[in-house]
Amino acid sequence: MVQRRAQYSDEDRDAAVVAVLAGGPMKTTSEVTNIPYSTLKAYVAAARKEVPQEPKCRGPPPLLPRYAEDSLRD
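Going by UniProt numbering, the first residue of the sequence shown is number 1, and it counts up by one from there.
Note that these hints are calculated values from the structure, not bench results.
It is possible that some hints are incorrect.
Label pairs and their computed distance ranges (CB to CB) [as the list claims (entries may be wrong)]:
hint, residue 1, residue 2, range
1, 7, 53, 26 to 34 Å
2, 63, 21, 35 to 43 Å
3, 66, 32, 19 to 27 Å
4, 10, 59, 33 to 41 Å
5, 31, 67, 17 to 25 Å
6, 39, 71, 30 to 38 Å
Cβ coordinates follow ideal geometry from the N, Cα and C atoms, glycine included.
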């Protein structure tokens with residue numbers, strides 16, 4: 001059976017991290033928010049180290065440099 005990627009928003013992820021940092025159990029928080037346990041564990045570890053962790057982008061790297069990509073969006 002094919003396993004699908006979990007769908008959750010950045011706000012849900014941030015709320016789950018805050019809940020775990022406030023003392024909530026990580027396993028229960030993972031089940032309630034439908035965020036994979038290992039993913040939540042990585043974001044909580046990064047939050048404890050105060051290192052911002054950006055979600056990984058799927059697909060090939062962009063062809064243009066970062067400043068060019070940003071100027072296209074603006």
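Per the hint of 35 to 43 Å, is the separation of the Cβ atoms of residue 63 and residue 21 within bounds?
Holds - the Cβ-Cβ distance for residue 63 and residue 21, about 38 Å, lies within 35 to 43 Å.
Could you say whether the range 17 to 25 Å given as a hint is met by the Cβ separation of residue 31 and residue 67?
42 Å, violated
Taking the beta carbons of residue 39 and residue 71, is their distance inside 30 to 38 Å?
Holds, at about 32 Å.
Between residue 7 and residue 53, is the Cβ distance one that fits in 26 to 34 Å?
19 Å, violated
Hint check for residue 59 and residue 10 - Cβ pair distance inside 33 to 41 Å:
Hint violated: Cβ distance 19 Å, outside 33 to 41 Å.
Just to be sure I understand the hint, the distance between the Cβ atoms of residue 66 and residue 32 should be within 19 to 27 Å; is that true here?
36 Å, violated
Comparing the model with each numbered hint stated earlier shows that hints 1, 3, 4 and 5 do not hold.
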